[in-house]
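**Q** As a plain string of letters, each chain reads:
Protein chains: 2
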Amino acid sequence: MADDSTPSSAQLAKVTLSNAPSVLKAEFSDRVLIRSIILRPDGGSGLAGQTVRIGGWVKTGRKADKDAFAFLELNDGSCAGNLQVIVKADKYDLGQLVQTGTCLSVDGVLKLPPDGKKQKVELDVEKVVHVGPVDPAKYPLPKTRLTLEFLRDHLHMRSRTNTISAVTRIRDALAFATHSFFHKHGFLYVQTPIITTSDCEGAGEMFQVTTLISGAEKLEKDLIENPPPSEADIEAAKLNVKERGDDVAQLKSAKASKQDINAAVAELKKAKDNVFKLEERSKLQPGIPRKDGKIDYTQDFFARQAFLTVSGQLQVESYACALSSVYTFGPTFRAENSHTSRHLAEFWMVEPEIAFAELEDDMNCAEAYVKFLCQWLLDECREDMEFMADKIDKTCIDRLAMVAKTPFKRISYTEAVDLLIDAMKKGKKFENHVEWGIDLASEHERYLTEVLFQKPVIVYNYPKGIKAFYMRLNDDLKTVAAMDVLVPKVGELIGGSQREERYDVIISRIEEMGLPVEPYEWYLDLRRFGTVKHCGFGLGFERMVLFATGIDNIRDVIPFPRYPGRADL
Amino acid sequence: MADDSTPSSAQLAKVTLSNAPSVLKAEFSDRVLIRSIILRPDGGSGLAGQTVRIGGWVKTGRKADKDAFAFLELNDGSCAGNLQVIVKADKYDLGQLVQTGTCLSVDGVLKLPPDGKKQKVELDVEKVVHVGPVDPAKYPLPKTRLTLEFLRDHLHMRSRTNTISAVTRIRDALAFATHSFFHKHGFLYVQTPIITTSDCEGAGEMFQVTTLISGAEKLEKDLIENPPPSEADIEAAKLNVKERGDDVAQLKSAKASKQDINAAVAELKKAKDNVFKLEERSKLQPGIPRKDGKIDYTQDFFARQAFLTVSGQLQVESYACALSSVYTFGPTFRAENSHTSRHLAEFWMVEPEIAFAELEDDMNCAEAYVKFLCQWLLDECREDMEFMADKIDKTCIDRLAMVAKTPFKRISYTEAVDLLIDAMKKGKKFENHVEWGIDLASEHERYLTEVLFQKPVIVYNYPKGIKAFYMRLNDDLKTVAAMDVLVPKVGELIGGSQREERYDVIISRIEEMGLPVEPYEWYLDLRRFGTVKHCGFGLGFERMVLFATGIDNIRDVIPFPRYPGRADL
Chain A
1 MADDSTPSSA
11 QLAKVTLSNA
21 PSVLKAEFSD
31 RVLIRSIILR
41 PDGGSGLAGQ
51 TVRIGGWVKT
61 GRKADKDAFA
71 FLELNDGSCA
81 GNLQVIVKAD
91 KYDLGQLVQT
101 GTCLSVDGVL
111 KLPPDGKKQK
121 VELDVEKVVH
131 VGPVDPAKYP
141 LPKTRLTLEF
151 LRDHLHMRSR
161 TNTISAVTRI
171 RDALAFATHS
181 FFHKHGFLYV
191 QTPIITTSDC
201 EGAGEMFQVT
211 TLISGAEKLE
221 KDLIENPPPS
231 EADIEAAKLN
241 VKERGDDVAQ
251 LKSAKASKQD
261 INAAVAELKK
271 AKDNVFKLEE
281 RSKLQPGIPR
291 KDGKIDYTQD
301 FFARQAFLTV
311 SGQLQVESYA
321 CALSSVYTFG
331 PTFRAENSHT
341 SRHLAEFWMV
351 EPEIAFAELE
361 DDMNCAEAYV
371 KFLCQWLLDE
381 CREDMEFMAD
391 KIDKTCIDRL
401 AMVAKTPFKR
411 ISYTEAVDLL
421 IDAMKKGKKF
431 ENHVEWGIDL
441 ASEHERYLTE
451 VLFQKPVIVY
461 NYPKGIKAFY
471 MRLNDDLKTV
481 AAMDVLVPKV
491 GELIGGSQRE
501 ERYDVIISRI
511 EEMGLPVEPY
521 EWYLDLRRFG
531 TVKHCGFGLG
541 FERMVLFATG
551 IDNIRDVIPF
561 PRYPGRADL
Chain B
1 MADDSTPSSA
11 QLAKVTLSNA
21 PSVLKAEFSD
31 RVLIRSIILR
41 PDGGSGLAGQ
51 TVRIGGWVKT
61 GRKADKDAFA
71 FLELNDGSCA
81 GNLQVIVKAD
91 KYDLGQLVQT
101 GTCLSVDGVL
111 KLPPDGKKQK
121 VELDVEKVVH
131 VGPVDPAKYP
141 LPKTRLTLEF
151 LRDHLHMRSR
161 TNTISAVTRI
171 RDALAFATHS
181 FFHKHGFLYV
191 QTPIITTSDC
201 EGAGEMFQVT
211 TLISGAEKLE
221 KDLIENPPPS
231 EADIEAAKLN
241 VKERGDDVAQ
251 LKSAKASKQD
261 INAAVAELKK
271 AKDNVFKLEE
281 RSKLQPGIPR
291 KDGKIDYTQD
301 FFARQAFLTV
311 SGQLQVESYA
321 CALSSVYTFG
331 PTFRAENSHT
341 SRHLAEFWMV
351 EPEIAFAELE
361 DDMNCAEAYV
371 KFLCQWLLDE
381 CREDMEFMAD
391 KIDKTCIDRL
401 AMVAKTPFKR
411 ISYTEAVDLL
421 IDAMKKGKKF
431 ENHVEWGIDL
441 ASEHERYLTE
451 VLFQKPVIVY
461 NYPKGIKAFY
471 MRLNDDLKTV
481 AAMDVLVPKV
491 GELIGGSQRE
501 ERYDVIISRI
511 EEMGLPVEPY
521 EWYLDLRRFG
531 TVKHCGFGLG
541 FERMVLFATG
551 IDNIRDVIPF
561 PRYPGRADL
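Line by line, the protein sequences give chains A and B.
Numbering-wise (this note's numbering), the first sequence opens with residue 1 and increments by one.
Numbering-wise (this note's numbering), the second sequence opens with residue 1 and increments by one.
Derived from the structure by calculation, the hints contain no laboratory data.
Incorrect hints may appear among the rest.
Same chains, same label: a pair holds when it works inside one copy or across any pair of copies.
[What the hints assert, rightly or not] Calculated pairs, DSS-like style, for lysine-lysine (alpha carbon to alpha carbon, straight line, at most 25 Å):
no. : residue 1 : residue 2
1   : Lys283    : Lys294
2   : Lys59     : Lys391
3   : Lys255    : Lys111
The structure presented is a predicted model; accordingly, all values stated were derived computationally and were not measured.
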């Protein structure tokens, strides 16, 4: 450690390494990213002769030439590929270095490998700077091929695998692409609350956020260590008050000195305070505070019942109705007992909201956004996508390319139902019954996008009975201006709608659906004062990662999956 | 609503408006952003003669020329400035349009105003497309100047005010700048979990996340509607089993037909099942499930106690120890009963983590990041920053410029304490005692950055006794490689450290601090297998917004503030 006047050894190392060419991406470390070497158009061959510091973890290692040196495949997470590193036996104990998972920081010279090798450049190590060893007998990730299911039991280590690290880079790219897209189109990022006292109606079961239980546990412990006063204690304290009162009366009638009377009055006050304290303490009840037979939420942290958000939509609408184009991108929660490969208790959602816009604008935005994401991955994550195509899903790159360039098919719900009925007439079997008014099942959605149109499909104008109160009622009075974007591989990727901006209509929709009006008063204010046509949608971010990567289980595309019975780390 | 074959009226409107020049930023709406007109270098004068659709809310309006027309200042949230809009009396009821808060969508022609006016362009309305009226007698935001405190009681409307909308744009810019900075430097965005079963030691009180209370409430309701069986019910059911058993025995001894015996056996089974069900139901206890005198968390959603995260650091470290450079940017929570202007129960943190890096790299990264944010606001948010300088804090632009270009002063904790003691010798008074070993108080930090150095200060190498177990022990065995970045106006903006990568040292630090080892086993694995030198820091995002804007209260720089007693919306 050094202050700014004396250069540290780390700084000196950087000076030595500053002959590294400018193409090597500098960061806040004295090493260079492996990506900046091997992902060059020339595969790094143009850097031959340069001295660099590299850090990473050994993917595979082997000794060669009668243990005279070792070949190590080193990966630093900056890309899917590894840099081949050659260490001679005089530099370090090679038996240690060749273990999978070993961390290594080395200085060396980049050089061209002998002809016929796959890699375009390799590193000849001059100095081993740091080694983080691995005992192969204890390492939780043996070299054998590991299943994604096995890796879910090792969340803290799984980012060291090729698949999870590629998923992480693709997820990162999709997040940055999301912010870039909305920024480019003039949307403001509004961070809606995680803890909420509103319910986005119908979105599902909510987790409760509370300090009542920990408060009750603390109190319970305290009452055991320090039991509440008995009735006898309180009676004794009351008797004391009476006696001290008598003292004062006596002194007064005896015309005692002011000093003596004041002292006695002070004693009396102390005795009264003591009774008050004992009485308060005797009222303490172990357990969660209750009032009138119900839990007393006025004693909870927020003085009312609070939950984890299921959607930022209602809140972000309040910003759209002032700032026109906004979006939220954050975690959302469902306390549903779903054990499927498509559901998580904690997942991320992207929710744009656009004022002065109608359902068609909403569809245009959704289509442009999804296309933008697909094109971004094709442009920026080629190497990781090729890994996915090779190991997980052969069709994933073609799927991205198709979605990026094909106009989405747009059909009304009514047309969609007609098409499904037609298909059944031609012999297609569905498990779920089809008729106008049903909520389309996943099998129906996937049939439309995967079989019938073989491209993304936007279904719009759904029956009002199956949709939320805030969706705009169409002139037919039967449907609402909702839309879902269906894509091959995952089915529903986006759900959105034009919002009901007419005060009279939304009020009657709330009543029609039997919902209480009071919790929505603030939401109704947006319609009472300066109301505006607006629309928005939500994209389940993990579904987009599933769509892009071809991974089957949603638990493998979020760093720390939460589902019933599991919240590791 | 139209499908893709027949153009809708909205599409037709767009065609009509397509003569708008290309500088007008298109979005998913048929209007153009006011920003794209008035923030042009020429103030929009070059657009005179163009027909455009504009949407926004009336900031102020007045009738003129004996009510022949109205002047309206229209704002759409895309920038701080308004577009002046002129509506003639034959177009609409002007009395309605001039009300503050009215929403308006209009088509009109941009024209140069008469000489001597401040604005460079104004809009002459040809057609009023939409009006969202306001009843001024009921509007919650009267035209008089409103305090930020008053606005906190109207969270859903406050983004309509100049100050909160400017803060929102600045906050958006800081978020985008954050992602841009880390993306540029090769960091991957890792979304760490919100719900966690780990505790980032010492970070503070946690909110509990549970479904036990709602489960208990549901059960309680169910038991009232459908009371559990009485002992008599169960006895009766048991008697029934006995009788059905007797039936079977009788039939068997009477050598009845197989059919009759089977029927009796089936009856017996039904009777037994019924007893089992009644007994299970009779065990149901209202209230939260308990076992061995404690709450039975195996029955909670995650089968264990779960909390809202106080920091993503520990989890993001697991990704840094595989992918080298990562960051998390998400909400974090503290269940502390703080009623100050600097604390929130829910706030956003930016936490980068860098492998192959030491404390000095950490300081370099923190300094570069803060400078980048400041320069970004100077470049991208000039107009909003000028508004802040005008209305909130005269010094805010100068402060950004100073931080963007001045090297941060770096001093060790020991030097900092010496400097504070020197200052006291020269007559400076502090409320909190100063000696080596204390945690610096806010007054000390602000003295260093605001008075002594008048620029950002990084204090590093703190006494180990006041810092967390995961900070790397220095060779002096007394201090750890921690660092805090102090800036004028807010004091501590960033806290970070090099992490202890040595297994033996971190284990003894955990034990020395009296912490249990078991919860950190996964964290220790990162040191057991392929350990790497690494470091990181956390920036309180709202503190950065306070620093940038000069706003005093943190509740005014997050869209939906949560603090004790309040979680509106």
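**Q** Give the relationship of Lys255 and Lys111 under a CA distance limit of 25 Å: within one copy only, between copies only, both, or neither.
**A** neither (107 Å within a copy, 94 Å between copies)
**Q** Could you figure out if Lys59 and Lys391 sit no more than 25 Å apart (CA to CA) within one copy, between two copies, both or neither?
**A** within (17 Å within a copy, 58 Å between copies)
**Q** Measure nothing new, just compare the shortest in-copy and cross-copy C-alpha distances for Lys283 and Lys294 to 25 Å and report within, between, both or neither.
**A** Both: 17 Å inside a copy, 22 Å across copies.
Of the hints listed earlier, the one the structure fails to meet is number 3.
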